[in-house]
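The residues making up each chain are set out below.
There are 2 protein chains.
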Amino acid sequence: MSEVRIAGTGLTPFGNVPERTGRDLFAQASAAAFEDSGVPRDDVEAVFYGNFMGELAEHQGHQGPLMAEAAGVRAPATRYESACASSGAAIRDAVVRIRNGETDVALVGGAERMTNLGTAGATEALAIAADDLWEVRAGMTFPGAYALMAQAYFSEYGGGREELAHVAVKNHENALTNEKAQYQSAITVEDVLEAPQVSSPLGLYDSCPISDGAAAIVLTSETYAEEHDLDAPVAITGSGQGGDRMALHDREYLARSPAAREAGEEAYADAGIDATDVDLAEVHDCFTIAEVLALEALDIEPIGEGISAARDGRTTADGETPINLSGGLKAKGHPVGATGASQIAEVATLLSGEHPNSEYVAEATTGVAHNAGGTVASATVHVLEEVGRP
Amino acid sequence: MSEVRIAGTGLTPFGNVPERTGRDLFAQASAAAFEDSGVPRDDVEAVFYGNFMGELAEHQGHQGPLMAEAAGVRAPATRYESACASSGAAIRDAVVRIRNGETDVALVGGAERMTNLGTAGATEALAIAADDLWEVRAGMTFPGAYALMAQAYFSEYGGGREELAHVAVKNHENALTNEKAQYQSAITVEDVLEAPQVSSPLGLYDSCPISDGAAAIVLTSETYAEEHDLDAPVAITGSGQGGDRMALHDREYLARSPAAREAGEEAYADAGIDATDVDLAEVHDCFTIAEVLALEALDIEPIGEGISAARDGRTTADGETPINLSGGLKAKGHPVGATGASQIAEVATLLSGEHPNSEYVAEATTGVAHNAGGTVASATVHVLEEVGRP
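Note that the protein sequences, when read in sequence, are chains E and R. Residue numbers for the first sequence follow the UniProt record's numbering, beginning at 1 and rising by one. Residue numbers for the second sequence follow the UniProt record's numbering, beginning at 1 and rising by one.
Here chain E stands alone, though its shape is the one from the complex (with noise of 0.2 Å):
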């Protein structure tokens, strides 16, 4: 079995682009991520693509051979939709092969074209990730569907509005030396609480934007890796992927992610590794209670103390297991069928120390991607280790 190494990651600023297409910013990131890696092109054997609304947005399906030409590069490409979680799909089935010695050189990545729809329009279109016959058509969106779940989550463990603001005051502040992040501004615990709400307990604070981006990454075999020279140290050594039933009234609670815990067990055993070993994460937090139900799902957290970590220090910069040290999708941005490989992106710079915050993990080795679609009826977790130059 062949270990997979990242070779270059590429990503455009994540923001409020309506007037590019996702072609348009596939290109981009992926012509950084070409760069960045240092492999022609033409080596790629294969390119797995993440998208989730582009028929909507862009009245645009079949991506997958689009976007390869975005990429300049001609190799067969298919498109992995699974809500938010899309990108890291298609990871989790790149990783699969280049383990399988069938490719040596993957383009994996994705984008999303978003806020042409509006704000109204975006929304309407995240909630076909949702169950249309039983929760759309009753009314039911994603911030509703969230906030049901901190609900559930405030009535079972405790905590509130206030813990729930710490997250996005900690991701806000991570954000501060990204430069591509949609936001880039020190937030407060009362902005987080002053700010309009959005679905009781949710304001607007809790939530991530509406974005349009790309991410885009080069991933090779070892082999290949080691024959080529590249500067390569970080490896993807653990891949899971977990599932639930979609509509939240089908589940067994509503503040806990199953599927998530089910794709990081997967990913640790594959690894290597448990939960202890965790460095740093990028968490998939849609909304502030995501990153809380995502820290218990990965046993960073024991259930019903997530709620706390941001609060008391756990998961900020300086803490014990920074989270989202990208900014995460509230300040970075979330442009959903890019948001998977960026997490990606963002935990090897991270770990390789070309992060604007790897000073704050200078020790780190390791570190974990939690990418999730709908409400967690999807996930996929990754490892990534620092495993030094191939």
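The set of hints was computed from the structure by calculation and includes no laboratory data. Ideal Cβ placement from N, Cα and C applies to all residues, glycine included. Certain hints may be false.
Stretch by stretch, here's where chain E covers chain R in the computed footprint (C-beta under 8 Å, at least three residues) [claimed, not checked]:
id, stretch
1, 27-34
2, 295-305
Away from chain E, derived, C-beta distances all over 12 Å, residues of chain R [unchecked claim]:
id, residue
3, Pro13
4, Arg137
5, Pro143
6, Ser155
7, Gln197
8, Thr380
Given the coordinates of chain E, work out where chain R should sit on it, guided by the hints.
Relative to chain E, chain R alone:
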């Protein structure tokens, strides 16, 4: 590397059932596949699901977990979208996952609900498999694109509407015994030539119908099949995928399908066969000209000679290499997300002797399934071999 066995297959009837949802269709197909396989649902470790136009036809994305649920399976699930090759792409990754030893039992398949959109609506939805900016906005539809390919073929290699008509006649003839086919009616060359024109030179009977339907397959590792004494004599021994530029105007030739050739060469090499070993094939005949191009891309016919294959009886049921014994997309129907999986199911039952048309291929041991997306910007090819009970 573990061999991949086909443990069971299930198809819904293909046709015009606008009131049925995709999940309803996939529940039926997967139930049939589980019954055919004897594999308990609880043993499934991953679901690979193909769907193309769920966002437009059902306002439903994130269909992976939804379809796992419809199938009664609790396992991680991903939706693969590669236009009309969506379930071909799903199977490609399932094969890799099983070979890699990560998964012993996979549910693969796809579904599509289309007729609820009406013929014009479905044609418009299908168009998102082409390049929206450069083709669709200029008025291109798939009948138009394949008509261009047919014109280019006639002009380069000769032949005409009459030769194409024989493809349609043959496929309708083959479907007469297929109870699940959308059309079980014989047609004549005159019928085809006199049918209303869709896009010159293609007429109504050169075109596959708009269809609803689902297909499901239970795949297992050879080890699992052996340990559970499954009646699974057919293995997927070769898998390949190809890609091309998205838009027709970027192609070197309109009358060739290099992505299908690439996929075929990869699949043949993977299985250790060549084209002369192919006893039968299901190819992606969305239009009659598409069958001709597929035969040539798969080296079943030399370049420029595929046009006469049906007319001269080389690809009829009693011919040298029977093509589309199921009736093909033309007569069996083409619920796009289901098509790739349905082709594998047909080849498997043809080889195992359980297909109503198996009598024509009693000595056959090797079959091929060819699934194409768009104007063959994507293609997957799988080789199936009857290798005996595990």
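Cross-check of the supplied hints:
no.	hint	result
1	27-34	violated (count 0)
2	295-305	violated (count 0)
3	Pro13	holds, 23 Å
4	Arg137	violated, 9 Å
5	Pro143	holds, 17 Å
6	Ser155	holds, 26 Å
7	Gln197	holds, 27 Å
8	Thr380	violated, 8 Å
In summary, the numbered hints that this structure violates are 1, 2, 4 and 8.
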